[in-house]
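There are 2 protein chains.
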Amino acid sequence: MQRSYQLTFAERTRLPALGRERLLATAPARRFADGQFVQHQGDPGDAFWVVVEGHVLVGRYAEDGGFTAFAVLGPGDMFGELAFFTGIPRQADAIASGPARLIAIDRPLLRSLMSADIGWAELLLRSLGRQLAVSLDIIDADRRLPAAERLARLLAAMAADADDGRTVRATQQQLADLLGVSRVTLGAALRDLTARGQIERGYGWLRIATPLPPAG
Amino acid sequence: MQRSYQLTFAERTRLPALGRERLLATAPARRFADGQFVQHQGDPGDAFWVVVEGHVLVGRYAEDGGFTAFAVLGPGDMFGELAFFTGIPRQADAIASGPARLIAIDRPLLRSLMSADIGWAELLLRSLGRQLAVSLDIIDADRRLPAAERLARLLAAMAADADDGRTVRATQQQLADLLGVSRVTLGAALRDLTARGQIERGYGWLRIATPLPPAG
DNA sequence: CCGGGAATGCAAAGAAGTTATCAATTGACC
DNA sequence: GGTCAATTGATAACTTCTTTGCATTCCCGG
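Each protein sequence line maps, in turn, to chains A and B.
Taking numbering that gives the first Met the number 0, the leading residue of the first sequence gets 0, the next gets one more, and so forth.
Taking numbering that gives the first Met the number 0, the leading residue of the second sequence gets 0, the next gets one more, and so forth.
Please note that a few of the clues may not be correct.
[To be verified] Here are the simulated distance ranges between beta carbons:
{"hint": "1", "chain 1": "B", "residue 1": "Glu-148", "chain 2": "A", "residue 2": "Ala-194", "range": "34 to 42 angstroms"}
{"hint": "2", "chain 1": "A", "residue 1": "Gln-172", "chain 2": "B", "residue 2": "Glu-148", "range": "21 to 29 angstroms"}
{"hint": "3", "chain 1": "B", "residue 1": "Arg-152", "chain 2": "A", "residue 2": "Pro-88", "range": "15 to 23 angstroms"}
{"hint": "4", "chain 1": "B", "residue 1": "Gly-64", "chain 2": "A", "residue 2": "Arg-106", "range": "46 to 54 angstroms"}
{"hint": "5", "chain 1": "A", "residue 1": "Ala-32", "chain 2": "B", "residue 2": "Arg-106", "range": "20 to 28 angstroms"}
{"hint": "6", "chain 1": "A", "residue 1": "Ala-194", "chain 2": "B", "residue 2": "Thr-193", "range": "40 to 48 angstroms"}
{"hint": "7", "chain 1": "A", "residue 1": "Leu-108", "chain 2": "B", "residue 2": "Ala-187", "range": "46 to 54 angstroms"}
{"hint": "8", "chain 1": "A", "residue 1": "Thr-170", "chain 2": "B", "residue 2": "Ala-187", "range": "56 to 64 angstroms"}
In case anyone wonders, no lab produced these hints; they're calculated from the structure.
Even glycine gets a Cβ: it sits at the ideal position worked out from N, Cα and C.
Full structure from sequences and hints, please.
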């Protein structure tokens, strides 16, 4: 789980590297250790986050211990705008996946950012829009596609973010959580894809046979 | 299917009636007949919509004829901001459910609205945020809850929007589509809820035994 | 180099949902 | 009041996924 990706192919809206640097000049980044909670479900949403370094798993822990994953975010990704703008409490937990650095943008900071740069409002609308598009894709895929097909898509998305564009570093349990299926089903889907020659299985990694052509 | 609701309990962000009237003064509403498409998946998103009157079913038709419902919207609800702001094509189809009147807000109109009233940017952020919250709830519920439980929640949400707060007018097929299950499963879930005394079944309607206390 | 926790592979039983099919009921329309 | 399409209720066979359980493989750290 080293890389960031969302659970579908939708493109992301990221804060450009340049903007991130300017942001860092005005706001200090907070550091989070692996597994540390960045936000808890139910918290008041008095700030939203920009990932500077590392990765963040966003999802929802249920009271019975179950977990529903929504996305894994990486540098330049934003999250937490939902609660920030609607006033409803945090809808999801966010946990650092590996050491991470994030900037919290609260209301005073946002005001100063927006006065300096008009583009912020549109950037935020775009970010929320992308998150919604991804969510709709997940709903549609969950309802209509079998696990193996959803897994193939997930792996393609994850591989696109990997160093070599082909090798995904994740355990089967992690993949199962992301897909919302049991480890047994995930294992069966992997066996399926392997039999069809679409992937190669390893201990803690998977390699896809035909990575997507690198996009712009 | 006379009333509007979303597929979870999340509150809506609606354009207040006063704002709607001011809007109608500047922009004419378009009329749509029952079953008419308001937008098609894949269209360019050069405007977004405000529902003035009637109801709109938002979802996605698959090539194989399947349909995935996302929400049923009513007066004051907005949709289509996603494509409008992100530049990605329409993510969903929208179909008038009964005769409906909607206002299309394109870029020139939005500019004039925003110059007259600063609150629009925040209103839009709120609307998108609500839609995202609803979507996350759907993903979580789909993955973790059995059909009967999801049905109970859907009926509660629909009943809250009904005239008497208890009676939902919809066919079982429509409910099944909204829930993303087959009619057989929906029938079983209804039998279940009936046996537990939670609902009363009729031809084209359902009545829930204990409606939620009316909220503010 | 080796001990042990973590990760994987797999099988069996059962739960939940789907498709297909058909009969009975309802209500709208002539 | 009769006709007919739409809706509901139900059953059976089948598919998919889950839970449970256990054996095997991997690799990290002493």
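Contradicted hints - numbers only
As far as the earlier hints go, 5 and 8 are violated by this structure, in ascending order.
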